[in-house]
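J.: Protein sequences, first through last, are from chains A and B.
Just so we're aligned: the first sequence equals residues 1 to 172 in the numbering used here.
Just so we're aligned: the second sequence equals residues 1 to 108 in the numbering used here.
Hints were generated in silico from the structure; no laboratory data involved.
Hints may be right or wrong, so weigh each one.
[Claimed, not checked] Cβ-Cβ distance ranges computed for the label pairs, FRET-style:
id	chain 1	residue 1	chain 2	residue 2	range
1	B	69	A	30	31 to 41 angstroms
2	A	149	B	77	29 to 39 angstroms
3	A	123	B	69	42 to 52 angstroms
4	A	42	B	107	54 to 64 angstroms
5	A	20	B	12	12 to 22 angstroms
6	B	79	A	20	21 to 31 angstroms
7	B	69	A	42	26 to 36 angstroms
8	A	27	B	12	13 to 23 angstroms
Just so it is clear, CB atoms sit at the ideal spot from N, CA and C, and this is done for glycine as well.
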Amino acid sequence: MTEPHRVDPWRFAGGFLQKVLSSQIPDEPTHGPIPWTPVTRPLADSKVALLSTAGLSMKDDVPFDMEMERANPTRGDSSWRKLSVRATSADILANHLHIDTSYILRDLNVALPVDRLHALVEDGVVGSLADTHYSTMGYQGSSTRELEQKSAPEIAEHMKGQEVDLALLAPV
Amino acid sequence: MGLVARAIEKAGIPTVTLNMIWAYQNLVGMPRIAAIEHPFGRPYGDVDDAGTQMAVLRAALDVFVRAREPGHVEHLPFIWPHDPAETNWHPSEPSPIIAMIKRNQKNR
Numbered sequence: 001m002t003e004p005h006r007v008d009p010w011r012f013a014g015g016f017l018q019k020v021l022s023s024q025i026p027d028e029p030t031h032g033p034i035p036w037t038p039v040t041r042p043l044a045d046s047k048v049a050l051l052s053t054a055g056l057s058m059k060d061d062v063p064f065d066m067e068m069e070r071a072n073p074t075r076g077d078s079s080w081r082k083l084s085v086r087a088t089s090a091d092i093l094a095n096h097l098h099i100d101t102s103y104i105l106r107d108l109n110v111a112l113p114v115d116r117l118h119a120l121v122e123d124g125v126v127g128s129l130a131d132t133h134y135s136t137m138g139y140q141g142s143s144t145r146e147l148e149q150k151s152a153p154e155i156a157e158h159m160k161g162q163e164v165d166l167a168l169l170a171p172v
Numbered sequence: 001m002g003l004v005a006r007a008i009e010k011a012g013i014p015t016v017t018l019n020m021i022w023a024y025q026n027l028v029g030m031p032r033i034a035a036i037e038h039p040f041g042r043p044y045g046d047v048d049d050a051g052t053q054m055a056v057l058r059a060a061l062d063v064f065v066r067a068r069e070p071g072h073v074e075h076l077p078f079i080w081p082h083d084p085a086e087t088n089w090h091p092s093e094p095s096p097i098i099a100m101i102k103r104n105q106k107n108r
């Protein structure tokens, strides 16, 4: 029997980024208790929402602010956006200065698998779709305060209002 | 992202976070992590690779079913088909903070 695969978090990061990020990881966890909500209903009865940190916005919405970050590299846009569950690459902008966004602009499913989730709903594997999906922009610079105190609770509140049962998040 | 996951979970909605640099992002403590060894920008799989995107989505959703306690980390078995040296994920120009760090190192 082969050893189970263990994900190397640095495989694609490269030496420089690994050094910058891993130097911030303490030997012992410093976070407090982790919140926990038990899953109470089967996937086939659940309403699912997706969230990406790719800085996605609908083309008719306000884009994430990259000029602020260019002017002050220690700051990142802490706001959030709603995304149509029918969105395709043609409908969205991707603003994120830390990745190559061209893949997302060719196929949104690489970061926000809207088409795949639709298929799972049609096949009855997933109960239903939320009315919207969500995006933030992953880079927050030196302060996560606004994200933590404003955007994160607002997203959570919005999901509650949409009666979302399960939220699948994917940083990019 | 961990902060968002925590807020959603706190509001009563279970979360799974599909995560490449899980060891770093888990600094804040996340309820359920599906760790994946994919390049930045393409967590679910490559462009037009619907098969992998679907398989990753299903594997991540399965973590909701399997996780029993907070801080659950599950290592998904997906192998990116190209070596890191052949996989581009970087933006066309370095991000402002990386450019600033490198500039400061040079000036030291």
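J.: Look at each hint and say if it fits the structure.
T.: Comparing the hints with the structure gives:
1. B:69 with A:30: 31 to 41 angstroms: violated, 19 angstroms
2. A:149 with B:77: 29 to 39 angstroms: holds, 37 angstroms
3. A:123 with B:69: 42 to 52 angstroms: Hint violated: Cβ distance 30 angstroms, outside 42 to 52 angstroms.
4. A:42 with B:107: 54 to 64 angstroms: holds, 58 angstroms
5. A:20 with B:12: 12 to 22 angstroms: Since residue 20 (chain A) and residue 12 (chain B) have Cβ atoms about 35 angstroms apart, the given range 12 to 22 angstroms is violated.
6. B:79 with A:20: 21 to 31 angstroms: Given about 26 angstroms between the Cβ atoms, the range holds.
7. B:69 with A:42: 26 to 36 angstroms: violated, 20 angstroms
8. A:27 with B:12: 13 to 23 angstroms: violated, 33 angstroms
Hints 1, 3, 5, 7 and 8, counting from the list given before, are not met by this structure.
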